[in-house]
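Residue-level listing of the chains:
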Amino acid sequence: MNWSRSLVLMRQNWELLMADPAPIVLLTAMPLVMMTFLQGTGRAVLMANGYPDASGAELVVPGMAVMFAFFGVGFIGTAFFSEHGWGTWDRLRASEATTLEISLGKILPSALLMLVQLIALFAVGVVVFGMRIDGSVAGLGVMMVCCIVVLVAFSMLLTAVLRTQSQLMAVVNLAAMVFAGIGGALAPVDVLPGWARTLAPLSPAYWMLQGFRAVILDHGGLDATIVPAAATLVFAAGMTAVAMWRFSVSDEKVWE
Amino acid sequence: MLEIKGLRKAYGDNEVLRGVDLDARSGEIVGLLGPNGAGKTTLVSIVAGLRRADSGSVRVGGVDALADSQTARGLLGLAPQDLGVYPVLSVERNLSFFAELAGLRGRTVRDRVVDVADALDLTRLLGQRAGTLSGGQKRRLHTAMALVNDPKVLFLDEPTVGADVRTRNQILEVVRRRAAAGCAVVYTSHYLTEIEDLAATVAVLEAGQVIARGRVVDLVAEYGSPALRLTFDGPAPALDGFEVSGPVATLKTPDPARAAADIMTRLNGSAARLRGVDIVRPSLEAVYLSLTGRRSNEETPTETEEITDELVA
Chain A
1 MNWSRSLVLM RQNWELLMAD PAPIVLLTAM PLVMMTFLQG TGRAVLMANG YPDASGAELV
61 VPGMAVMFAF FGVGFIGTAF FSEHGWGTWD RLRASEATTL EISLGKILPS ALLMLVQLIA
121 LFAVGVVVFG MRIDGSVAGL GVMMVCCIVV LVAFSMLLTA VLRTQSQLMA VVNLAAMVFA
181 GIGGALAPVD VLPGWARTLA PLSPAYWMLQ GFRAVILDHG GLDATIVPAA ATLVFAAGMT
241 AVAMWRFSVS DEKVWE
Chain B
1 MLEIKGLRKA YGDNEVLRGV DLDARSGEIV GLLGPNGAGK TTLVSIVAGL RRADSGSVRV
61 GGVDALADSQ TARGLLGLAP QDLGVYPVLS VERNLSFFAE LAGLRGRTVR DRVVDVADAL
121 DLTRLLGQRA GTLSGGQKRR LHTAMALVND PKVLFLDEPT VGADVRTRNQ ILEVVRRRAA
181 AGCAVVYTSH YLTEIEDLAA TVAVLEAGQV IARGRVVDLV AEYGSPALRL TFDGPAPALD
241 GFEVSGPVAT LKTPDPARAA ADIMTRLNGS AARLRGVDIV RPSLEAVYLS LTGRRSNEET
301 PTETEEITDE LVA
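Line order of the protein sequences matches chains A and B. Mapping of the first sequence onto our numbering: residues 1 to 256, in sequence order. Mapping of the second sequence onto our numbering: residues 1 to 313, in sequence order.
By construction, these hints were calculated from the structure, which means they are not laboratory data. Just to be clear, a hint being listed does not mean it is correct.
[Stated by the list, open to error] Using C-beta positions, here's what the derived DEER-type ranges look like: (1) N36(B) with A29(A): 48 to 56 Å; (2) T123(B) with R132(A): 46 to 54 Å; (3) V25(A) with N14(B): 45 to 53 Å; (4) A138(A) with T123(B): 48 to 56 Å; (5) N169(B) with D20(A): 46 to 54 Å; (6) A237(A) with G131(B): 35 to 43 Å; (7) R177(B) with V25(A): 42 to 50 Å; (8) Q70(B) with V161(A): 51 to 59 Å; (9) D134(A) with Q70(B): 49 to 57 Å; (10) V161(A) with R177(B): 41 to 49 Å; (11) A237(A) with N14(B): 54 to 62 Å; (12) L174(A) with R177(B): 31 to 39 Å; (13) R105(B) with M244(A): 27 to 35 Å.
We treat Cβ as the ideally placed atom computed from N, Cα and C, and that holds for glycine.
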């Protein structure tokens, strides 16, 4: 592992990401718009569930942030698929860079971008939408990092098993809606149908939102995030294991 | 600089490389020829670390490329057959990225970028996004990206496909200069005249094996044979020693000029129907075709020396 070369790859991938910032702007602006529309509903739901002083942002901000973070999974997959489309994948592999260095160069800039997006949405939630964080800010940070870890693992899994960019985007969109919906991002799990409540713990988004809820609404300390953080990391470990099993640098990917 | 011995590779039951032996010295340009599917791209891919070999050995600059691919890759420059550039980045950034990836930093990167850009007439395009370049400009950038790390062994896989005459000449000139600077160049092409222009040695790959290796003149002397070709108005007459096919009669002979003079006296009544007398000089293409039994490129002309109708008249 040569860190100097990894930094070269990371810088270049950051430039590639910034060459077309429209998707990044869209995935940051859209959840803010959705928060505006859904805050009133969130307030009503929280009041009915024993949080009379809540602004509604405590439910809506983490929900939208998590859902759109799932959409961001496409950044990492696209970073790999586009190399195939541009014909540069073999050039990269024929350079001195190792597979690990190339992968880190692709993953870390996107992961950093997703983390910044998450922090920005929570910051706007506090400043603009009046979200109060009653518990541990450190716990909030831990959950954010765990979110990014599982999303990176998920993106690697999709990159490993899918063959085309179209498949990638279709699965990312579907997974974002299903994981976020069942996990409680659109409405609290308590109000979901019985079958959805049963399935909810199978969604990593459920554990992300449980962790956020513990520190934002329930005055939880750092210790309150241990179980949801651990559950999230178990998902990440499983996805990473499958990704490493299935990933092959010589697989042909199609950029459509 | 490059030594390949007994290289084998199979995809399932399909054995693509069947014990390839090939070497290239420092400063040598090797024209790697062969029909489609002969195994050229697989061979290049294995040396560049993109595919694993089943058996055999590859040494690049003394480094075992199969055991220590990373070090060997550091000595290589590769321009694959298909264009590979970052369209959203500038020409300068496309070049500097691969220079930095090779471990160059700071002023050295700038100097290398300037050098290769100058060699391939890309200097005025350095600030332009690669996606906005013309086809020929992209082809030059694609080649420049393989040169920017100052490789010891350079693989160019059909570098002039789709290139205009100017681009082609620039690429050929850069190849000559790289070789003159001591680089071993493996140049894959279907344009056999380019191999001759480069004064390259030749390796003919057919069905996964190198079936001929050497200088063009030596291969032509060994495998080629000059011929006299007569073209008639109507079916060619039966002539002693000639192969007749429709209106054309061909005689393979070491001295076709003398044979032409001789045959004039024996044509008799057929002389009035004679429309053309060609002396067919043995060329790399003729050798290639006789070795592979296939036509490599319909557009590549056979070298002929036409004696013309007035000689007959």
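Here is how each hint holds up against the structure:
1. N36(B) with A29(A): 48 to 56 Å: holds (50 Å)
2. T123(B) with R132(A): 46 to 54 Å: About 59 Å separates the Cβ atoms of T123(B) and R132(A), which means 46 to 54 Å is violated.
3. V25(A) with N14(B): 45 to 53 Å: Distance hint for V25(A), N14(B) holds at roughly 49 Å.
4. A138(A) with T123(B): 48 to 56 Å: The hinted range 48 to 56 Å holds for A138(A) and T123(B), with Cβ atoms some 54 Å apart.
5. N169(B) with D20(A): 46 to 54 Å: Violated, at about 36 Å.
6. A237(A) with G131(B): 35 to 43 Å: Holds, at about 39 Å.
7. R177(B) with V25(A): 42 to 50 Å: holds (46 Å)
8. Q70(B) with V161(A): 51 to 59 Å: Taking Cβ atoms as reference, Q70(B) and V161(A) lie about 27 Å apart, which means the hint is violated.
9. D134(A) with Q70(B): 49 to 57 Å: 52 Å Cβ-Cβ, so the 49 to 57 Å window holds.
10. V161(A) with R177(B): 41 to 49 Å: holds (46 Å)
11. A237(A) with N14(B): 54 to 62 Å: The hint (54 to 62 Å, Cβ to Cβ) is violated, given that A237(A) and N14(B) are roughly 39 Å apart.
12. L174(A) with R177(B): 31 to 39 Å: Cβ of L174(A) to Cβ of R177(B): about 54 Å, so the range 31 to 39 Å is violated.
13. R105(B) with M244(A): 27 to 35 Å: For M244(A) against R105(B), whose Cβ atoms are near 32 Å apart, the range 27 to 35 Å holds.
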